[in-house]
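Sequence order for the protein chains is W and B. Under this note's numbering, the residues of the first sequence are numbered 1 to 394, in order. Under this note's numbering, the residues of the second sequence are numbered 1 to 293, in order.
Heads up, none of these hints are tricks.
Which chain B residues face chain W? A few, computed with CB under 8 Å, are given here:
id, residue
1, Met18
2, Gly115
3, Ser125
4, Phe128
5, Pro144
6, Ile225
7, Ser263
8, Ser267
Footprint (simulated), chain B over chain W, 3 or more residues, beta carbon under 8 Å:
id, segment
9, 42 to 51
10, 193 to 203
11, 206 to 216
12, 236 to 249
Bear in mind the hints are in silico, worked out from the structure with no lab data behind them. Even glycine gets a Cβ: it sits at the ideal position worked out from N, Cα and C.
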Amino acid sequence: MQKGYKILATGCALALALSTTALAHEPVKVGFVTELTGPWSFFGTSCIAGLKLAERHLNPAGERKIEFEVVDDQTKSDHALAAARNLDVQSKVIALSGPTSSDTALAINGYAEQNRVPFIVPVAAFPQLTKPGTHYTFRIEPDAAGWGYAIAQFVAKRKPSAKIALVYSDFALMRAIAAGLKYSAPKVGLKIEPEIVFPQGTSDATVQAAQVRAAHPDYVVVIGAGGFDNTLTNELLDIGIKPDQIIHPYGITTQVLNWGQRSVGSYYGTFFDANLDKLTAEGKQFVDQFRTQNGRPPSYIENYCYTTAYIIREAIDKNPSAADDREKFRDAISALKTKEPTSGIPIVFDKNGARKEYMYFMQIKDVQKTDYKSKQVFYIDWNPEAIPVYDLVK
Amino acid sequence: MSDTTLIILLSTITTGLMLGLIFSLVAVGVTIIYGSIWMPNAANGQFFLLAALFAWSTSVSWGLQPALAALLVIGSSVPLSYALEILLVRRFYDVPNRNISYFVLTLGITQILSGIFSITYGVWSDQFQLPPLVPGVTMLGPFPIANNRLAAMLIAAVLLAILFALLRFHRYGRALRAVFQNRDAAALRGVNVRGIYRMSFVLGNAVIFAGGVLFACAYSFDLTIAWTMAITAFAIMIIGGPGSVLGALVIGIVFGLTQAVASIFASPTIAAFAYLGAMLIILLFRPSGLFAR
Chain W
1 MQKGYKILAT GCALALALST TALAHEPVKV GFVTELTGPW SFFGTSCIAG
51 LKLAERHLNP AGERKIEFEV VDDQTKSDHA LAAARNLDVQ SKVIALSGPT
101 SSDTALAING YAEQNRVPFI VPVAAFPQLT KPGTHYTFRI EPDAAGWGYA
151 IAQFVAKRKP SAKIALVYSD FALMRAIAAG LKYSAPKVGL KIEPEIVFPQ
201 GTSDATVQAA QVRAAHPDYV VVIGAGGFDN TLTNELLDIG IKPDQIIHPY
251 GITTQVLNWG QRSVGSYYGT FFDANLDKLT AEGKQFVDQF RTQNGRPPSY
301 IENYCYTTAY IIREAIDKNP SAADDREKFR DAISALKTKE PTSGIPIVFD
351 KNGARKEYMY FMQIKDVQKT DYKSKQVFYI DWNPEAIPVY DLVK
Chain B
1 MSDTTLIILL STITTGLMLG LIFSLVAVGV TIIYGSIWMP NAANGQFFLL
51 AALFAWSTSV SWGLQPALAA LLVIGSSVPL SYALEILLVR RFYDVPNRNI
101 SYFVLTLGIT QILSGIFSIT YGVWSDQFQL PPLVPGVTML GPFPIANNRL
151 AAMLIAAVLL AILFALLRFH RYGRALRAVF QNRDAAALRG VNVRGIYRMS
201 FVLGNAVIFA GGVLFACAYS FDLTIAWTMA ITAFAIMIIG GPGSVLGALV
251 IGIVFGLTQA VASIFASPTI AAFAYLGAML IILLFRPSGL FAR
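Same shape as in the complex, but just chain B (with noise of 0.2 Å):
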């Protein structure tokens, strides 16, 4: 195999694999949130933005290093969470239909925060772009790949899996499944159902943030990155199947291969599309998604 080829096909599974576990974040952040208390958060590409834009703040205004940069702003995820959930969410937990309600709060969040960002952040630039995490490049055979971007991949995997660890061996992880399935058998069996809305909606977001952070520390970003991560992360949680952290992680790293290779057989505007054609067509088979129990 030539250099060449080499390096367009080592680019494209870098691509497709940094991709993919950032989508999976977002994705499965979303997916427990929607598993536990029904809330189709529309608010969640804002959220990711948030996140990125005080990762920015941090490190680029106030000089932190953009690891501890890192660890503030996701940190900073657990009591913006509490408050809301205070504040907002806990409100609808007994309203039937809650799901509507839950769309329609979190699309007014996404018109608040849209609208702060553009009257700061986006009088202050038009990009913007966090310090290297890790300088320099790794050359794997002919391929330099940026350090930074490898750290930020690597950090991904490593947060999916503890996370599907805490989900699947944790007793917390446990108590959270059961109330996917069915929360009127799990507070029967002693699980207290609202505390683990609670913990849903903080750690669901806590992953949204991370995503956030991980992909400013890869890329450059603006404003509009919100709205490509909300429709991407929902398209992932119908496809993967609403409430299921499997098929969130699986169907992510799958969007982010696709992507990659439709961009490189087809182009990067069909490799664009091509996951939302994807979407209608399983959707047609399989309506309630891949993953759905």
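The following block holds chain W by itself, in its conformation from the complex (with noise of 0.2 Å):
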């Protein structure tokens, strides 16, 4: 009898060891739900084209594999949820991540927390991702609300009390950058004289143009979406406003080279931009990478997608055991103490999820048809709760 148990104990720990084994050479499956198509298919590919980067070393030889499984969600709540649960449920992914879109990932954000997904978003701004109480979901790029904020300390540094005419796009991402920056404006001295909101769908802006010339401004804080952003900073140009004036909260790499060489002298915000004073080495091969595979420099999009899958490897190493918890992973990723890869900025989280937040301001030097010079002139990080984001941001 005892013989008996024995052997059944015996066959009980092989079996345990046999399947720790396969699990431990299983690849650790990440949902990467994104937009590949529908409006905003562009910042879609651009974060899976920085994540490709990632991924040709993101597997050194011995280490658990990491594997990216890409969903399209055609830049459609849905069918971001759709996908999630498709991830969660048959695919059982360790985390999930990808969306570039506040909308697609507010609707993977609300799943995430009801089912205890830990879900890491790239790129997404909008402040109530990491609303208080968010316990799974960690934001990478800084909120919204947040970038107003570090416009008016750069603009307060420029010129104390200086007048700034702000001109933006009715769209939920516009709406909270100028919320932080009319907050934070008024608190170091500075008066915003006219504030103009154009609905979705415009395509002119003549007519506020010459308003806010009329104004004399010494700024103006230029916040369009899509074409329009580029028609309404030509427009202010055409009409007499020096470029100098002109104050961009968030530059991509179109909107440089299409904002062209007239726009010399005009600032923009970024958290990452091949121009940057200190980049790492690394920070340099990726953007030399980038640029011979796309023909453009990155810009923060693609470095948050790249920097997303670092996260994940580093999580994983510092606490293996986190590779097939779902629980043990969300802590070990809210404990995480690192930098980006590519710029050396700390990568630290607070108890929502939201990242320490920072800033680079840069001036255009120089813009020619697939690249452009710019100066970085204004560097300032904060706490995310330095101002209210989440009152000013339902």
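Two chains, two separate frames, one set of hints: put the complex together.
In structure tokens, the structure reads:
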């Protein structure tokens, strides 16, 4: 009888050892739901281009392999939610990631929090993604209301008591930036006048450009969406606003290239740029490789998706058991104290999954057909709750 | 009058005219097709965008002069329209209530084109801008206006004038108007009704393409412009009276000016809805449109 028990116990131990070994050799799957088609397809495909570069170095021999299962959400919230559910239930991914749109990210955020799936958001700036009480969502991009705070600090440093004209498109992202700026500007002695909001679908702003000029502002903060961003910029320049009066809260590569040579002297905010003063060796390599492959330099979108892959690698390397347990994976991400591999900027998440925030301001120096030069003129970092972001943007 | 007031006044007028002329062109294109073959062309916004994107490809990627690129793109609408007419449109000429069939058909075309744009142009950039047709700025008193925009405005006005003259004085125009009014009577008078259908489809699309190209010359754009333009063109056609070219022309310009004026006295947001509100009020009193016969 005793011999029988011994055989059974040995068999169980062997089966357990074999299954653990098998698990250890199985790749860690991460669901990557992003915008490959639909209105946001440029951002989703740019993100994937950054992720693919990271994947080249992500799985050194001898380490547990990490695999990204990429799914297109067509820039639709219901598709993003369905994809998240499928990746959770069918593919049993350890975590979700991928959106570059706040709308799709919010859809996945609800699912992730309810179903306790760790969710790493590479590029989505809507503050409510990490509202108080958030447990499983981690946002890598600083929140949009904070960008407004950063613009106020930048302007106050350049010209105390300056008057700012604020012109923006009526989208959630732009409203959040404007809310942060309107809250922060008076606190540092800045005045905002006029404030002009453009509805979605606007194509002309000549009249409003004339109104801006009539107000004689020191700076004009221009937050347009898509093609209208460029129209708005051109019309301000046409009517006599000087390039160095214009501040764009964010500038991705295609925007800077379209603003063109006539915008030399203008400022834009960013979180990563090929022209930063201090790129790491890996950052320089990332820029070169990206430029070779895509014919243009990367911007912060590609960098954040590249960085997302490294965050996941580091969390698993520091805590191997996190590779097979979502709660441990969530704890590993939450406890992470690391740096962006490309710029060396620290990555630390607060209790709600928001990252300690930062922003660079660049001044455009030269623009060619597929490349541009800009100079870093300001850097700021701050605690995510330096302003009441969750009250400003509901 | 102070310089500031003059600048705001002139910017309002030029913006109103610029938008109005583009709206008119597209609405005239839509109404020519509707008046002739009863096709409510839901794909007009996508055709408009297709023209703008072609113009971007030919001038930015191929490096053609913008004026040459514009001519090439407008010219390309002719074989494209012929192909569509032969493959799809003419099959419905004898279908009763074909306007519903056409609406569903063009919705399908809209979906297909929208999908194609999102996996091609949508991946290449989030915004598109053509090199200037005419570089530099012209001063209208104290108001600086980009030559590019001025040129687009003038070309749009000339095109509309030619179109109007064609429809009013040319044999083809008279035949087209006869078909608009009563196709059976026109057929009895020897008008080749099917030929007019085909020509109307080609002409209407060429006008929509011209609108798209001129818009791309005057403004930066992205893929969302298709929806905005589709809704605006339909609204203009409905207020002007479906099938009324004069209605589309007049109401298009009124729309543009209304938007510009409302944006300065109220806000750009109210301006965007002002014309839709006006449309509802006008339809309460003139359900068949202001210029309907």
